[in-house]
Structures are given as C-alpha cells and as structure tokens.
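Student: In case you want the letters, here they are:
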Amino acid sequence: KNQVEQSPQSLIILEGKNCTLQCNYTVSPFSNLRWYKQDTGRGPVSLTIMTFSENTKSNGRYTATLDADTKQSSLHITASQLSDSASYICVVIPTDSWGKLQFGAGTQVVVTP
Amino acid sequence: GAGVSQSPSNKVTEKGKDVELRCDPISGHTALYWYRQRLGQGLEFLIYFQGNSAPDKSGLPSDRFSAERTGESVSTLTIQRTQQEDSAVYLCASSLEPVSSYNSPLHFGNGTRLTVT
Numbered sequence: 114k115n116q117v118e119q120s121p122q123s124l125i126i127l128e129g130k131n132c133t134l135q136c137n138y139t140v141s142p143f144s145n146l147r148w149y150k151q152d153t154g155r156g157p158v159s160l161t162i163m164t165f166s167e168n169t170k171s172n173g174r175y176t177a178t179l180d181a182d183t184k185q186s187s188l189h190i191t192a193s194q195l196s197d198s199a200s201y202i203c204v205v206i207p208t209d210s211w212g213k214l215q216f217g218a219g220t221q222v223v224v225t226p
Numbered sequence: 074g075a076g077v078s079q080s081p082s083n084k085v086t087e088k089g090k091d092v093e094l095r096c097d098p099i100s101g102h103t104a105l106y107w108y109r110q111r112l113g114q115g116l117e118f119l120i121y122f123q124g125n126s127a128p129d130k131s132g133l134p135s136d137r138f139s140a141e142r143t144g145e146s147v148s149t150l151t152i153q154r155t156q157q158e159d160s161a162v163y164l165c166a167s168s169l170e171p172v173s174s175y176n177s178p179l180h181f182g183n184g185t186r187l188t189v190t
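Quick mapping for you: the protein sequence lines, in order, are chains A and B.
Numbering-wise (this note's numbering), the first sequence opens with residue 114 and increments by one.
Numbering-wise (this note's numbering), the second sequence opens with residue 74 and increments by one.
If you are wondering where the hints come from, they were derived from the structure by calculation, not from laboratory data.
Warning: the hint list may mix true and false statements.
To be verified - If you want the footprint, here are the derived chain A segments under chain B, 3+ residues with CB under 8 angstroms: (1) 150-157; (2) 214-225.
To be verified - DEER-style ranges, computed between Cβ atoms: (3) Gln-114/B / Gln-135/A: 15 to 21 angstroms; (4) Thr-133/A / Gly-89/B: 45 to 51 angstroms; (5) Gly-144/B / Leu-195/A: 37 to 43 angstroms; (6) Thr-133/A / Thr-188/B: 31 to 37 angstroms; (7) Glu-141/B / Arg-155/A: 24 to 30 angstroms; (8) Gly-113/B / Asn-131/A: 23 to 29 angstroms; (9) Thr-139/A / Glu-93/B: 34 to 40 angstroms; (10) Asp-91/B / Asp-182/A: 47 to 53 angstroms; (11) Glu-170/B / Phe-165/A: 16 to 22 angstroms; (12) Glu-93/B / Gln-185/A: 22 to 28 angstroms; (13) Thr-139/A / Gly-89/B: 36 to 42 angstroms; (14) Glu-117/B / Thr-183/A: 37 to 43 angstroms; (15) Gln-135/A / Glu-170/B: 36 to 42 angstroms; (16) Thr-164/A / Thr-151/B: 46 to 52 angstroms.
In this text, a Cβ means the ideal position worked out from N, Cα and C, and glycines have one as well.
Chain A with its partners taken away, still in its complex shape (with noise of 0.2 angstroms):
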C-alpha cells in the first residue's frame, strides 16, 4: 500500500479560483515533506519543504500546511492561473532511508479560462 495518499485524483478550477490538495501519509518517522509541482513533459520542480515540526510554509500563491499528529498535509493555491495546470506531487522523506522517497501519485490540476 502506498505509504503517500494524495487526493482528488484530479479536478478542474476556474482562473482566478483557489484550491486545495489533500496529502495523507503513514510514513513515520520522516525528517521533511515536500510538495512539487510537475508539468506535462517535464521533470518535478520543488515547491516547498517541511520539516516535522513546520505547521506552514509558503511559496508565492502556494501555501503548504503539515499536521505532523494526524499526518495530513495540504496544499492551497490560491487566484489560481493557466500556468497552474499541472501535476501537484506529495513527497515524504523518511528519516532511515536516505534515497527512498516516498512519493504521492499526484493530483492533476487543471485551470480554465
């Protein structure tokens, strides 16, 4: 079973509408959670990282938030964008292994105009 659960699978906004995406994990103990965000075609790109005991983290419109106790961490986009469309990936580091990542399938986010 995968140690990362990201939902929804997918989901379509309208430009200029936030949103919000879900990352549950099992993955314990874990030094960092990140959040990467992965173009059609193109290699992940970091968006934030965690550690345990962050509860918030920023990166212009994109705002990452961790419950460490029930293992829940999110991602909120807000006015979202056209360049926004993209796969949203949910990774958790765990402390003993040092390559292992554990990575979310994703959501898939599409902006409309």
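With chain A's structure known, arrange chain B on it following the hints.
Tutor: Here is chain B on its own, set in the frame of chain A:
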C-alpha cells in the same frame, strides 16, 4: 548547464534490445537518484548514489537493470533485454547533500521517455 540534463529525451527500442540512459547532474551535487514514472503513476525509486557509490540499489526491479556513476558526475542507467513493461519515463535527480537534509532540494531532469515496442 544550470540544471540536470538527461539524454536522450525520447528513446524507442525493440523488445530484447539494450538501452543506456544518461544523466548529467548539477555540478557539485554529491547525491544522484534515478526514478521511474509509469503513465499516471507516482515516481518509483530505482537507485541512489552518494558520490560514485550506490548505498541503496534495492529499487532496481530486476537484474536487467544496472547503473553506474563516474567522477562523481555523470550517471548511466542501463536496461538489458528490454521488455514492454519497461516503458516509462526515467527521471534523474541530484542534490547537494542527501535529500534527508532539510536544506537540500532535489533537482530533477526532464526525463527520458522510453518506449519498448
């Protein structure tokens, strides 16, 4: 270059042939990772290099897969006797330090799309 470079960007090969995928990490990055991404799925860990050593090869799916890194720089992923199930995007990433470090972002290349016919 400024980023992680992978070549070729696309590769179509016949079943049973061998293929080599190349990754040029960001200069000075000691850690290098290979991942596989099947269509519509999450990234699957293959192998991790620290310098030229591979402390974790456990993600390689079979003995048809191998990888090496030289000069603490370029890495090559080799797939022998390719099968149709090997069709995927192979992504390489590098970081200045092992990614368990909070201050070590992971930088990805754009991948090699492998199609086995």
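Student: Take the hints in turn and mark each one as holding or not.
Tutor: For each hint, the structure was consulted:
{"no.": "1", "hint": "150-157", "in the structure": "holds (count 4)"}
{"no.": "2", "hint": "214-225", "in the structure": "holds (count 5)"}
{"no.": "3", "hint": "Gln-114/B / Gln-135/A: 15 to 21 angstroms", "in the structure": "holds, 18 angstroms"}
{"no.": "4", "hint": "Thr-133/A / Gly-89/B: 45 to 51 angstroms", "in the structure": "holds, 47 angstroms"}
{"no.": "5", "hint": "Gly-144/B / Leu-195/A: 37 to 43 angstroms", "in the structure": "holds, 42 angstroms"}
{"no.": "6", "hint": "Thr-133/A / Thr-188/B: 31 to 37 angstroms", "in the structure": "holds, 36 angstroms"}
{"no.": "7", "hint": "Glu-141/B / Arg-155/A: 24 to 30 angstroms", "in the structure": "holds, 26 angstroms"}
{"no.": "8", "hint": "Gly-113/B / Asn-131/A: 23 to 29 angstroms", "in the structure": "holds, 26 angstroms"}
{"no.": "9", "hint": "Thr-139/A / Glu-93/B: 34 to 40 angstroms", "in the structure": "holds, 36 angstroms"}
{"no.": "10", "hint": "Asp-91/B / Asp-182/A: 47 to 53 angstroms", "in the structure": "holds, 49 angstroms"}
{"no.": "11", "hint": "Glu-170/B / Phe-165/A: 16 to 22 angstroms", "in the structure": "holds, 18 angstroms"}
{"no.": "12", "hint": "Glu-93/B / Gln-185/A: 22 to 28 angstroms", "in the structure": "violated, 41 angstroms"}
{"no.": "13", "hint": "Thr-139/A / Gly-89/B: 36 to 42 angstroms", "in the structure": "holds, 39 angstroms"}
{"no.": "14", "hint": "Glu-117/B / Thr-183/A: 37 to 43 angstroms", "in the structure": "violated, 27 angstroms"}
{"no.": "15", "hint": "Gln-135/A / Glu-170/B: 36 to 42 angstroms", "in the structure": "violated, 30 angstroms"}
{"no.": "16", "hint": "Thr-164/A / Thr-151/B: 46 to 52 angstroms", "in the structure": "violated, 36 angstroms"}
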